[in-house]
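Using the sequences and the hints given, assemble the complete structure.
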Amino acid sequence: MLRGKSLAKLAWWGLLLVSLGVIILGIQAAPESTMFLSSAPEELSQVDFSPPVAQIPAFTALFLRVVMVAGFLTASLIIYWQRSDDRAALLFSALLMTVGVTNGVINYVPEPSAALKGV
Amino acid sequence: MVSSITCPSPPRRSRGFEILSDFLSLLVLFTFPDGSLVPSWASRVLATWLLCLFANQLDLLPGEATEDLFDLVFLGSGLLAMIFRYRTTYADNASRSNGWCLEPRVSRVGLDGLYRASVSGKPALVRGEWWGRVHLPHRVQRRTQAQPFDVHHDV
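Chains R and Z, in that order, give the protein sequences.
Residue 106 in the numbering used here sits at position 106 of the first sequence, and the numbers go up by one each step.
Residue 122 in the numbering used here sits at position 122 of the second sequence, and the numbers go up by one each step.
In case anyone wonders, no lab produced these hints; they're calculated from the structure.
Please read all numbers here as calculations on a predicted model, not as lab measurements.
C-beta: ideal position from N, C-alpha, C; glycine also.
Treat the hints with care, since some could be wrong.
Partial pick of chain Z residues on the chain R-facing surface, computed with a CB cut under 7 Å [stated by the list, open to error]:
1. S14
2. E18
3. G35
What follows is a set of in silico ranges between Cβ atoms, one per label pair, in the way DEER data are often shown [said to hold, decoys possible]:
4. R/N107 with Z/A65: 29 to 37 Å
5. R/L10 with Z/A65: 35 to 43 Å
6. R/R87 with Z/T88: 30 to 38 Å
7. R/R3 with Z/L37: 13 to 21 Å
Spelled out as C-alpha cells, the structure:
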C-alpha cells in the first residue's frame, strides 16, 4: 500500500511524463503556431510580410517559448529535487510544470491540431 | 504565410491539462503555506471550483466578459483564502510562539495596511495600533516601550 507522500511523488512523475508527451506532440505544430507574436494577430495578418522577413519573428517567438517552457520545467525539477518530501513544495512544483506547458505549448497549438490528433 | 494566421484556441483534447493547471494554481493558494486544507470546508469550495472550471472549458459560460469575470473571481477567491487562513489559523498561533514573532509581525503590518488604510486614510503602522496587538520578543518590547521614558530632562 502506497503512503500519501509516495502517492504524491508517483503522481508528480506521472504529470511529468504527460507534460513531456504534450511537449513532444506540440513540437510538430510549433513552427506553424509560433507566428502569434503580436497581441492582435488579425492586425498582423493584414501586413504582407515576405516569407524570409516573417520567419524572423517566428523564430524569435519559438526561441522565447522554448526558453519559457525550459525555465518552468527546470524550476519545477529543482524544487522536486530539493524538497520532494514537502507536500506544499511538491504541489508548487507540479503547478510550475503545468503552467509552463499550458502557456508555452497548449495555448499555441491551433485547433484542429494534426499533431495532437495523431495524424 | 502570414495571411493564413488565425487566432489560436487550445485543442479540446488538451483542455484537461488546462483544467489541471488552473486547479493546481487554486490548490496552491488554498493550501499555502503547509500544503494542508484548513479549514475542512475549503475542500468543498475547491470541488465547486473544479466543476466551474469544467463548465468554463466546455464553453458553457456565456460571452467573453463572463469568462473574464470568472477569471477575476477565480483568482480573487484564492487570494481571499490565503488571507482568511492567515488571519484565522496562522497569525495567532505564530505570534504566541517565541520563534515566529518577526514574520507575522511583518505580515500583519501588510495585511493591516490593506484592511484599514481605506477606513481612516492611514495604515495601521502609521497610527501606531500595530504595536499594541502583536506579541513582540521581550528584548524588542523593552526597547520600544522604554524609549519615551528614557529621555532625561536636565533641570
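Evaluation of the provided hints:
1. Of the supplied interface hints, the one on Z/S14 holds, with its beta-carbon coming within about 5 Å of a beta-carbon of chain R, less than 7 Å.
2. Interface restraint check: Z/E18 against chain R, minimum CB-CB distance 6 Å, threshold 7 Å, status holds.
3. For Z/G35, the shortest C-beta to C-beta distance to chain R is roughly 3 Å, which falls under 7 Å, so the interface hint holds.
4. Look at R/N107 against Z/A65: about 20 Å separates their beta carbons, and that is not inside 29 to 37 Å.
5. Checked against the hint of 35 to 43 Å, the pair R/L10 and Z/A65 passes, with Cβ atoms roughly 41 Å apart.
6. A C-beta distance of roughly 21 Å is found between R/R87 and Z/T88, which places it outside the suggested range of 30 to 38 Å.
7. Here the CB-CB span from R/R3 to Z/L37 is close to 18 Å, well matched to the stated 13 to 21 Å.
Checked against the numbered hints given earlier, this structure breaks hints 4 and 6; the rest are met.
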